[in-house]
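Peer 1: Below are the chains, spelled out letter by letter.
Number of protein chains: 2
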Amino acid sequence: MEKVSKPHAARMVFAKNLRQVRRLKEVSQEALALQAGLSRTYVSEVERGERNVSIDNMGLLADALGVKLKELLDPEMLKTL
Amino acid sequence: MEKVSKPHAARMVFAKNLRQVRRLKEVSQEALALQAGLSRTYVSEVERGERNVSIDNMGLLADALGVKLKELLDPEMLKTL
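Sequence lines, in order, name chains A and B. Going by UniProt numbering, the residue at position 15 of the first sequence is 15; the numbering climbs one at a time, nothing skipped. Going by UniProt numbering, the residue at position 15 of the second sequence is 15; the numbering climbs one at a time, nothing skipped.
Think of the hints as simulated: they come from the structure by calculation, not from any bench. Do not take every clue at face value.
[Stated by the list, open to error] Pairs of lysine-lysine, BS3-like flavour, derived with a Cα cap of 27 Å:
| no. | chain 1 | residue 1 | chain 2 | residue 2 |
| --- | --- | --- | --- | --- |
| 1 | B | K68 | B | K25 |
| 2 | B | K68 | B | K6 |
| 3 | B | K16 | A | K68 |
| 4 | A | K79 | B | K6 |
| 5 | A | K68 | A | K25 |
| 6 | B | K16 | B | K68 |
| 7 | A | K16 | B | K6 |
| 8 | A | K68 | A | K6 |
| 9 | A | K79 | B | K25 |
| 10 | A | K79 | A | K25 |
| 11 | A | K16 | B | K68 |
| 12 | B | K79 | B | K68 |
| 13 | A | K16 | A | K79 |
| 14 | B | K79 | B | K25 |
| 15 | B | K6 | A | K68 |
| 16 | B | K16 | B | K79 |
| 17 | A | K16 | B | K25 |
| 18 | B | K68 | A | K68 |
| 19 | A | K68 | A | K16 |
| 20 | B | K68 | A | K6 |
| 21 | A | K6 | A | K16 |
| 22 | B | K79 | A | K68 |
| 23 | B | K79 | A | K6 |
| 24 | B | K16 | B | K6 |
| 25 | A | K79 | A | K68 |
[Unchecked claim] Pair by pair, the computed Cβ-Cβ distance ranges are:
| no. | chain 1 | residue 1 | chain 2 | residue 2 | range |
| --- | --- | --- | --- | --- | --- |
| 26 | A | G37 | B | M12 | 37 to 43 Å |
| 27 | A | G37 | B | A31 | 35 to 41 Å |
| 28 | A | T41 | B | T80 | 21 to 27 Å |
| 29 | A | R23 | B | A31 | 21 to 27 Å |
| 30 | A | G37 | B | E45 | 22 to 28 Å |
| 31 | B | R23 | A | R23 | 36 to 42 Å |
All residues carry an ideal CB built from backbone N, CA and C; glycine is no exception.
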């Protein structure tokens with residue numbers, strides 16, 4: 001059973017990295033959502049840390065941006081770009 | 001809206017790495033579940049790739065094992081140990 005949990009710090013790491021990579025690649029939220037098979041609203045909520053996003057959707061988003069999922073979970077990612 | 005998705009490859013990467021690190025640290029599923037505030041059944045299902053685990057719970061599991069979440073999502077993790 002997946003209990004209701006307090007947002008983990010990893011949410012904001014993923015949120016910020018996802019937005020940063022998307023912008024670096026000059027991809028709109030709409031285009032990312034389409035490529036990942038998700039809704040734009042959902043992508044927007046994930047980028048604001050409002051979604052307890054699942055591993056499957058995190059994988060789809062990483063694939064859609066052409067980056068490794070582990071990179072989007074690296075708190076230091078911005079320094080490595 | 002989080003649509004029903006096909007299991008992503010990242011699930012099995014996380015599942016295998018979680019089990020490997022847990023065993024390396026000689027922590028039982030029960031002890032990991034307790035430390036992470038989750039049920040043993042849930043941890044067992046995550047380790048079998050049967051759960052579309054959320055980022056919050058992934059963060060709790062990584063914290064409970066004292067490893068960085070990005071490491072548990074590294075397909076090459078086993079080679080780096």
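Peer 1: For each hint given before, does the structure comply? Return the numbers of the non-compliant ones in rising order.
Peer 2: Hint check: 4, 9, 17, 23, 26, 28, 29 fail, others pass.
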